[in-house]
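K.L.:
To convert a position in the sequence shown, counted from 1, into my numbering, add 4.
If you're looking for bench data, these hints aren't it; they were derived computationally from the structure.
The beta carbon of each residue, even a glycine, is placed where N, CA and C say it ideally should be.
Honestly, I wouldn't trust all of these hints.
[As the list claims (entries may be wrong)] Cut-off 20 Å, straight-line C-alpha distance, at most; resulting in silico cross-link-like pairs (DMTMM-like, lysine to aspartate or glutamate): (1) 144 x 119; (2) 66 x 86; (3) 220 x 234; (4) 66 x 28; (5) 144 x 223; (6) 257 x 114; (7) 210 x 251; (8) 210 x 223; (9) 257 x 223; (10) 144 x 251; (11) 220 x 206; (12) 144 x 110; (13) 144 x 114; (14) 220 x 172; (15) 66 x 102; (16) 210 x 234; (17) 66 x 29.
[As the list claims (entries may be wrong)] Simulated DEER-style distance windows between Cβ atoms: (18) 42 x 81: 26 to 32 Å; (19) 213 x 172: 22 to 28 Å; (20) 99 x 264: 15 to 21 Å.
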Amino acid sequence: MQQLPPLLLDTELFSINQINNLPDEQRRQVYCRLVPRQVLQRLGIDPETLADGEGRSLLELKCSLGTSSVELSLYHVWGAADPAMYLQMADTPNNQIEVLLFIINDPYSERFGTDRLPDGTPTYFGTLGRNIEEEVRAMKAGLAPGQVHSGLGLTRRLIPTLEHFVADLNHNAVYIQPLAYHNAILFERVGFSYMLGLGRMEWIGKEFAPGGLLFKRLDGSTPFRRPGADTSVRGRSWAIHDGILGEPYTGVKMYKRVGVHAGVVTFPNAVW
């Protein structure tokens with residue numbers, strides 16, 4: 005784990021807002037620490053410069069002075085269309101630090117256009133429209149809802165990095181709102197518990213069991229509701245993305261205490 009840059013050792017920080025009010029170079033040094041070294045190694049990026057061989061930065065930060073959020077995008081090559089790693093974090097009104105979104109892509113894997121309609125309109129993770137043809141292709145290729153590339157399998161490496169980051173800001177937990185069912189199951193596996201939504205997740209588990217309400221709705225009426233989808237995390241998540249709950253998947257908020265694995269399991273012995 006990278007240590008605090010020497011010029012910041014005497015600076016006590018508590019929030020993203022404070023970091024964003026630092027001079028540009030100091031701000032960049034702090035946020036660079038959010039990129040796990042394993043990600044840089046897999047992508048062949050110089051960990052000291054985060055630049056390519058021509059000196060062009062592969063790290064893009066959106067963290068304007070006076071704001072309380074940060075968007076971090078790391079690209080595998082300069083000019084790439086999609087970031088290999090994307091992380092968005094923000095201060096909350098009650099002084100917590102919340103991860104709004106993070107993605108770690110394998111940029112060399114096939115791209116699926118699930119994020120845009122055929123006319124190019126963004127789908128915003130399926131909330132404003134869906135590209136069904138591309139979603140079917142992605143599902144058959146083993147991706148989960150919202151993915152446009154396969155992952156790098158490094159989420160477990162990012163979580164300790166986030167824990168160190170929030171601990172250095174004198175916080176004892178990191179908070180996150182999973183966008184989809186499979187995200188929540190993944191966060192369970194890396195030690196998160198529920199602030200909101202545990203009952204909902206347990207209900208989903210119960211109703212996907214044989215004889216349950218959601219199990220019965222896996223009737224093959226769409227490609228995402230095929231019988232047998234209940235047996236895997238991705239299968240359930242695609243069915244939920246397809247509206248099998250009868251309402252959007254919302255109302256779930258999770259947290260992880262620094263250094264503590266909560267041990268919560270709502271889908272025992274799950275196959276991904």
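K.L.:
Determine for every hint whether it applies to the structure shown.
P.N.:
Results of checking the hints against the structure:
1. Between residue 144 and residue 119, the direct Cα distance comes to roughly 16 Å. Compliance with the 20 Å bound is thereby established for this hinted pair.
2. Between the alpha carbons of residue 66 and residue 86 the distance comes to roughly 16 Å, so the proposed pair stays at or under 20 Å and holds.
3. Between residue 220 and residue 234 the CA atoms are separated by roughly 10 Å; this keeps the pair inside 20 Å, and the hint holds.
4. Under the criterion of a C-alpha separation no larger than 20 Å, the hint pairing residue 66 with residue 28 is consistent with the structure, at around 11 Å.
5. A distance of roughly 18 Å separates the Cα atoms of residue 144 and residue 223; the hinted pair therefore holds under the 20 Å criterion.
6. Note on residue 257 and residue 114: the hinted pairing is violated, with a Cα-Cα distance of about 31 Å set against a maximum of 20 Å.
7. Distance check on the hinted pair: residue 210 and residue 251 sit about 17 Å apart at the alpha-carbon level, within 20 Å; holds.
8. A threshold of 20 Å between alpha carbons decides the hint, and for residue 210 with residue 223 the separation of about 18 Å falls inside it, so the pair holds.
9. Of the supplied pair hints, the one linking residue 257 and residue 223 is violated, its CA atoms being roughly 30 Å apart against a limit of 20 Å.
10. Taking the CA atoms of residue 144 and residue 251, the gap is near 24 Å; set against the 20 Å cutoff, the hint is violated.
11. Taking the CA atoms of residue 220 and residue 206, the gap is about 17 Å. The hint holds against a cut of 20 Å.
12. A hinted pair counts as satisfied when its Cα atoms are at most 20 Å apart, and residue 144 with residue 110 qualifies at roughly 17 Å.
13. Between residue 144 and residue 114 the alpha-carbon distance is near 13 Å, which keeps this suggested pair within the 20 Å criterion.
14. The hinted pair formed by residue 220 and residue 172 fails the criterion: a straight-line CA distance of about 48 Å is larger than 20 Å.
15. For the hint pairing residue 66 with residue 102, the CA-to-CA distance comes to about 16 Å; that is within 20 Å, so the pair holds.
16. At most 20 Å may separate the alpha-carbon atoms for a hinted pair to count; residue 210 and residue 234 meet this at roughly 11 Å.
17. For a cut-off of 20 Å, the pair hint linking residue 66 to residue 29 stands: about 13 Å separates their Cα positions.
18. A hinted range of 26 to 32 Å for the beta carbons of residue 42 and residue 81 is inconsistent with their spacing of about 19 Å.
19. The given range of 22 to 28 Å is broken by residue 213 and residue 172, whose C-beta atoms sit roughly 43 Å from each other.
20. Under the hint 15 to 21 Å, the C-beta atoms of residue 99 and residue 264, about 20 Å apart, fit the expected range.
Checked against the numbered hints above, the structure violates hints 6, 9, 10, 14, 18 and 19; every other hint is satisfied.
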